[in-house]
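Colleague: Which chain is which? The protein sequence lines are V and G, in order. Take the first sequence: its letter number 33 is residue 33 in our numbering, and every next letter is one higher. Take the second sequence: its letter number 175 is residue 175 in our numbering, and every next letter is one higher.
Note that these hints are calculated values from the structure, not bench results. Keep in mind that this is a model prediction, so the values were computed, not measured. Keep in mind that a hint or two might mislead.
[Claimed, not checked] Computed from the model, here is a short list of chain G residues facing chain V with C-beta under 7 Å: (1) P184; (2) A187; (3) S188; (4) M193.
Think of the CB as a built atom: it goes at the ideal place given N, C-alpha and C, for glycine as much as any other residue.
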Amino acid sequence: MSNLLVNTRDQQFILFEQLGIEKLFESEEFKDFSKDDLLMIMNEAEKLAVNVIAPTFKEGDEEGCHLKDGIVSTPKCYREPYKKFCEGGWINPMDSTDVGGQGIPAAVGFSNMELFGAANYAFMMYPGLTHGAANLIHTYGTDAQKEKYMTKLFAGEWAGTMCLTEPGAGSDVGSLRTTAKRLPDGKFLITGTKCFISAGDHDLTPNIIHPVLARIEGDPAGTKGISIFIVPKFTVNDDGSVGKRNDVNCGGIEHKMGIKGNATATLNFGEDGKCIGELLGEERAGIKIMFQMMNEARLGTGLQGLCTASAAYEHALAYAKERVQSAPVWEMKNPDAKAVTIINHPDVRKKLLWMKSHIEGLRSLLYFSAFCMDMSRVSKTEVEKAKWEGYLDLMTPVVKAYTTDKGLLICSLGMDVYGGYGYCQEYPAEQYMRDEKIATIYEGTNGIQSLDLVGRKLGQKKGANVMNLAALIQGNYTKLKTNPDLAKVASSLEEACNAWIELTMFFAQAGKSGDFLLPVLNACKYLELFGDVIIGHFLLDGAGVAFAKLEAIYDAQGATTLGKKKGLQRSDSDAAFYSGRIASAKYFANEILTTVKARCEAIKAGDKSPLEIVDEAFTC
Amino acid sequence: MNIIACVKQVPDTEAQIKVKADGSGIEDGQIKWVMNPYDEFGVEEALKLKEKNGGDVTVVCLGPARAMETIRTALAMGADKGIHICDPAFDNADAFVVGNALAAAIKTLPHDIIFCGQRAIDDDAGQVGSMIAEALNLPQLTLVTKVDFAGTSVKVIRPIEGAQLLIETSLPCVVTAQKGLNEPRYASLPGIMKAKKKPVDVKNASALGIATEAKAKVAKTIPPPARPPGKIICGDDPALKAAEVARLLREEAKAI
Ligand SMILES: Cc1cc2nc3c(=O)[nH]c(=O)nc-3n(C[C@H](O)[C@H](O)[C@H](O)COP(=O)(O)OP(=O)(O)OC[C@H]3O[C@@H](n4cnc5c(N)ncnc54)[C@H](O)[C@@H]3O)c2cc1C
C-alpha cells in the first residue's frame, strides 16, 4: 500500500541499488553506519511524515497564518508536530555530532526531507530555514555567536529565516537599501524593510534569528558592498539569557496562492532606530556568505519541486485505480460494455507514466546531488573532491529550476487525472498545485537560475564540470548499448547528450564572438534540455540496474515465457517495481530524449523575435 | 525498577497480505514488518515508568532473524537492552510455546513488571500475556488503559461495558496493554544511533531449556472473499449525502 506521499521502494532503489551509498561506510566519516541503520532512520522518517506531519496539510492550508496585534500566529495544528520534529532530532541529522546532528549521509537526509516535505512543505519550511540560518552561523560565526545562537537554532528551540528581498531588490539583490550603522561597541544599527520573508514572524518558537543582508554606511553600491548581520527578534545577552525585544517588527503578512501555513512576512528593521545587529563573518562578504544558505535553499526548493509532485502523483495514481468511468476504447462498439477504472484508459496511463518517469528521474537527480556532497567529503584526493563538487555546482540551478518546472507540470497532470474533482477542494490535487507554484519563483526565479547556469556555471573551471558530467553520461550509454534490450534507448541518450554538448559549445562560441544575447534569450530552454538529458541519464542508468535484477528474478522463478514474466510482474512486488523502472526509462527515452536534438537545432537556428519586437508591438 | 516489555514483529497493517496457495500461511517475503501496535503501548508505558521511577527496560522478543529490527526499534525508543529468542524450532510455535519461551527468558532476569500487548494484530489470539503470567505464576492485569505504580503495588484501569474497573495487585505482575493506555513515542534520531550500542542477547530453544512442541496448530489460512469496489459519495451537503447513503443501503446493498 502506498503511503500516498513518496514511494519508499524507489527511494531505497536509488540509494542502495543505483548510487550504492553503502560504499560510504568504508570511509572514516561514515564508518559507524550500516544499511540497517539507514533503513531504520528512513522508516522512522516515514512514520513521522505520515502520522504526524501529513495530518497538518489540509488544516494548515485552511487555517493559514494570521497577524493580529503585531503577533503572527501559525496554524494551531503545527505546534505539536513542530515539537515532535525538533525533539526527534530531525532538523540537522546530516550535521556532525558536535552540533547535535548524527552525521548521516546527505543522500539519506534528502530522502527523509522528501518525505517530510511531501507531507506538508509549508510546515517544513520552518525547520528548513532554521537549519540554513544555524548552518551559516556554524560556518561563519564567532565562537560567541555559535554559543549564543547556533546551538538553540540547531535544536529547534529558536527559528531562523533568510532576509534578502526588499520591495526594490528582488532578483537584483545588489540594489538593496537596508543600511547598517556602526555602533561604538562593535554592533550595528540596522534600518530597512525586507519583504516576502518566509517564516519571517511566527509563534512556533519564542525567538527568531534573522540573517539580514545590509550595506554598512559608506560601503560601495552593488553586491560587493553588502554585509550580513545576525538580527534576533529578542536580543540575547552575552550570558545567553534572552534580553529585550529588538526593534524588528512584522509590517504585514502576504495573502497568497499556496504554502498558506507558512507566514510570508514584511519585516521592518529599526523603525524606532533601535534595531541591533551583529556582523556575521567579514564586512562586505555578505553575498558570499549568504550564498551558502542560498545554495542549501536552492536544493531545498528543488526538493519541494520533487516532493510535492511525488505526493500529487501518489494521490492521482490511487484515484486512477478507484475511479470508474467510461468503457474501454476497445469496447467502443459494444453498447453493453461496462465502465472501467480510469487507469485502464490509454491517455490516463500515459499521463501517469509521464509523471512517474519524471519523478523517478528527478528523485535520482536530487539524491545524486546530495550524494555529491557525501562523496566530496570522503574523497581522498583533491581532484576527486573537485569532481564531485563540480557536479553539484553545475547542477544546483538545474536542480532548482528543472525540478520545480517539471514538478508543477506533474501536479497539473495529477489534477487532470482527477478530472473535475481535482479542481475542487475536496481532494488534495489543487492544493499540491498551489503549494508547488511558488517553487518556480522564490530562491531566485527559474529565469534567474537559467542565467546562472548559462552565464556562470557552464564556464566554471573552463568547462571542466560540464565535461565531467558528459563523461559520466557517456560511460552510461556506452555500457547500456551492449544490452540488446536497452541498446535503442541508450542510442537515444547518446544522441541527446551529443546534441546538448554541441549546443553548449555553440553557446560558448556565441559568447566569445559577442553574440551573448542568444544564450541569454534561450537560457530557460537550455536549462530544460540539460535537465532532460541528465534525468534521462539517471533513468537509463536505473534501468540497467533494474534489468539485471529483473532477469535474476525471472531466472530464480523459472520464468522463460513472456506470459510467465508478465505473471511475475503482477504477483511479485520486486518484479513489478523493476519492470516499472524499465518502463519509465524506455518511455522517457522514446518520448523526451528523442526530441532533444531537434530542440537544440531550433535554438541554434537563432530566432531573436523576442528581442526584435518593439514593446508597442506586444499589444494584441 | 526492572521492567520487561514483550514485543512481537507483525506485518504492517497497511501491508497487502497474500495467503500461500496451499493455505499453509502467508507469503512473508515482500511485506513490511512492524512492531505490534499493542506492544508499542507496552513499550511506551515501560519507558514512562522508567523515566518516572528509574530502573531498566528490557525488551524480549521471540521471532525469526528479521525480528531484530523490532527489538532495535524498541531500543531506539529508549529501552536499555534486548533478548531475542530466535530458533527455527519456534517456526510453528503456538501461544503456549511462545508464552513459555518468553517466560523462561524473563525468569532469568530480575522483573518487577512485565508489559505485553493485549493481543498481536497478526493472529489476534490474545493469549501470550496470560500464558506468561501462568508460567511465572504471577497476577495478570489485562486490557489495561491506565497504570499507576505505587512502590510495591500497581493500580490499573480496565474499561468494561459502561464502566471501568480499578484493579490493584502486588508486584511482580503481568500487564497487557490496550489502546488508550498512552501515545507511543517515535524513535528519535539520537535514539536510533544510541540503540546500535545497546546489548541484545540472542537465545535459542535449548538455551532456554523448554519444549517447542505446539499444542495447537493453524490448520489452514483462508483469505477473505474479494471485496467489491467501494463507492464514494461526493457533495457538500451532509444531509443529501446521508440520504444517498441510505438509498444505496436500501436499494443496492439491501442492508436496510
Ligand atoms: C511566498 C514567498 C516566499 C519568499 N521567501 C523569501 C525569503 O524567505 N527570503 C527572501 O529573501 N526572499 C523571499 N522571497 C522573495 C523571492 O525570492 C523573490 O520574490 C524572487 O527572488 C523574485 O523577486 P521579485 O519578486 O522582486 O521579482 P522581480 O525581480 O521583479 O522579477 C520579476 C520577473 O522579472 C524577471 N527578471 C528580473 N530580473 C531579470 C534578469 N536580470 N534577467 C531575466 N529576467 C529577470 C524575473 O525572473 C521575474 O520573472 C519570497 C517570495 C515569496 C512570494
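Colleague: Does S188(G) hold up as a contact with chain V if the rule is Cβ-Cβ below 7 Å?
Modeller: Since chain V brings a Cβ to about 4 Å from S188(G), closer than 7 Å, the hint holds.
Colleague: A closest beta-carbon separation below 7 Å is what the hint needs, so does A187(G) meet it against chain V?
Modeller: 5 Å, holds
Colleague: Return the status of the interface hint for M193(G): holds when the least beta-carbon distance to chain V is below 7 Å, violated otherwise.
Modeller: 5 Å, holds
Colleague: Closer than 7 Å between Cβ atoms is the bar; does P184(G) clear it against chain V? Give me holds or violated.
Modeller: 10 Å, violated
Of the hints listed earlier, the one the structure fails to meet is number 1.
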